[in-house]
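Novice: Using the sequences provided together with the hints, build the complete structure.
These protein sequence lines are chains A and B, in that order. To get the working numbering, take the position in the first sequence, counting from 1, and add 17. To get the working numbering, take the position in the second sequence, counting from 1, and add 17.
Be careful, since some hints might not be right.
Copies of the same chain look alike in the list, so a pair counts if it fits in one copy or across any two.
What the hints assert, rightly or not - Below, a list of computed lysine to aspartate or glutamate pairs in the EDC-like style, where the Cα atoms sit at most 20 Å apart: (1) K41 with E21; (2) K62 with D238; (3) K41 with E179; (4) K262 with D26; (5) K163 with E36; (6) K163 with E51.
Keep in mind the hints are simulated off the structure, nothing from the lab.
2 protein chains.
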Amino acid sequence: MDFEKELKDRTDRVDRLLEKHLPKEDGPQKTVLEAMRYSVMSGGKRLRPILMDETYTLFNGSTGSVEPFMAAIEMIHSYSLVHDDLPALDNDEYRRGRKSTHAAYGEAMGILAGDALLNYAFETAALAFDIDPGPCVAKAFSLFAKKTGIYGMIGGQVVDVETEGRQIGPDTLRFIHEKKTGALIEAAMMTGAILAGASDDQVDNVGSIALDVGLAFQIRDDILDVTSTTEVLGKPVGSDEKNNKNTYVKYFGLDKAESEVEHISERALTSLASLPYENPFLTELIKRLVHRKK
Amino acid sequence: MDFEKELKDRTDRVDRLLEKHLPKEDGPQKTVLEAMRYSVMSGGKRLRPILMDETYTLFNGSTGSVEPFMAAIEMIHSYSLVHDDLPALDNDEYRRGRKSTHAAYGEAMGILAGDALLNYAFETAALAFDIDPGPCVAKAFSLFAKKTGIYGMIGGQVVDVETEGRQIGPDTLRFIHEKKTGALIEAAMMTGAILAGASDDQVDNVGSIALDVGLAFQIRDDILDVTSTTEVLGKPVGSDEKNNKNTYVKYFGLDKAESEVEHISERALTSLASLPYENPFLTELIKRLVHRKK
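Specialist: Below is the structure:
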């Protein structure tokens, strides 16, 4: 398998899907539509929609109901970054080498574009009802909304913001990692499984795998912020320490963090291998995500 | 009919419904859950959920699938006020006689509590799938998300923010009123009709009525800001002029605004009377909304 080529094909496909689903930029409310597009079409890795689609494929999903949800999860991810970057939160003027949304469009439009993307994600996901009128879409919808909200991503974000610069215990650190990063990976993979008609047990199983993948991914992020270089990473290293962020490396040191990544990702891959289906690309993608150098 | 008593019963019922659906305030993310409750349980009129429920009743809805949507629309209304009040938008420190959410919980938590309410509204509405597994809930979901988003409420808010203090034409003024206020009234009444199983024609009809009700309600709001007193209204009058807001009164004068309210509300009531069902409370509610003194 030419993994890089396969990955590029999938990333391009997600970009096309987003182009298709993003609103046309006309009408009196044009500015917010432009700001939405600016926020979403910014060269992200498209990891979450790809994980969703590959899990859908793993369980032999075929109706295409996954497509609106793939666009929706990337919109959710984008809005969370737009709001994270706001002056009252991380106050980041730049993201991925260009101005963050509020820096480009003003703070009021940053807030509104984030709201708009969050709402439009649900509007977009609802298109799946027209593709598959069966019960899977409703079930996916409920799970998706739960994982993006107060018991998922937003919950993690809240605790992260509240504890910044304060000493916290390992339980709280784990809560932040599991929710802020993990919940959206869970949303991606579990939604893919549900839409493909996987059984409840299989969906739970996929949820555990996703949580491990999210956790390993986040610890790897913490490690790279210490061990990589700004050139390789494409963003400033050492920012966690500078911003007094609570990270795995800060609490447990580099060696323990590295062994945790190994342990957690092995567990995820073993579970994945025990499922009655296989998707070699998904397995390889997970391996590379947790062992990435940037 | 003892209208005031009937209205109070309905308002109390919505409050109980919101209490039931708001998340329990425990867990590491407690602060955002408190801020959500603070924002929602603030003595609002509960107009939108009541309009939704009365329209549902009008079309003989009976499964109870309307209840999660009633809670959801009030959450959407609440989040829109929380974000409206933020320093980058209207910068209001007070709302309904007490601190606005960001003033009470800090700006970061104001942003996150708004996001949380928006997301939780969809999470809550999705509970309706368990009550009614038929196609009505999916249809209601799509309409609801459309009316709250960029082609509805958020669209109106964006144009309102962008045109503040600038001269605009009557078309833009109408766009703002129809979207910022009207779209959520449409969402309320159309969702009620859809969930009750009304036909497409009937739902469209209800949409036109709702748009008229929203427009008349908003023009009345503009009028009261000029003609009422702070004591009667319970909030400062003259704030539109002070904030250089584009209002119906500013563009057309008081007399024309008053005759528009009459004309539009008469049209709405005539359409309502032409439906094959009737709900005397709904008719009376609409009459009072457009002729209210506060």
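Novice: If a hint holds in the structure, say so; if it does not, say that too.
Specialist: Results of checking the hints against the structure:
1. Proximity of K41 and E21 under a CA criterion of 20 Å is satisfied in neither setting, with 32 Å inside one chain copy and 46 Å between copies.
2. For the identical chains of this complex, K62 and D238 are intra-copy neighbours only, at 14 Å inside a copy versus 47 Å across copies, given an alpha-carbon limit of 20 Å.
3. With identical chains, the CA atoms of K41 and E179 are at most 20 Å apart between copies only, with a shortest distance of 19 Å across copies and 37 Å within one.
4. Taking identical chains as interchangeable, the C-alpha atoms of K262 and D26 are never at most 20 Å apart, the minima being 35 Å within one chain and 50 Å between chains.
5. In this assembly of identical chains, the alpha carbons of K163 and E36 lie at most 20 Å apart only when taken from different copies (19 Å versus 26 Å within one copy).
6. In the homo-oligomer, the alpha carbons of K163 and E51 lie at most 20 Å apart only across protomers (18 Å), although the nearest pairing inside one protomer, at 28 Å, exceeds that limit.
Hints 1 and 4 from the earlier list are contradicted by this structure; the remaining hints agree with it.
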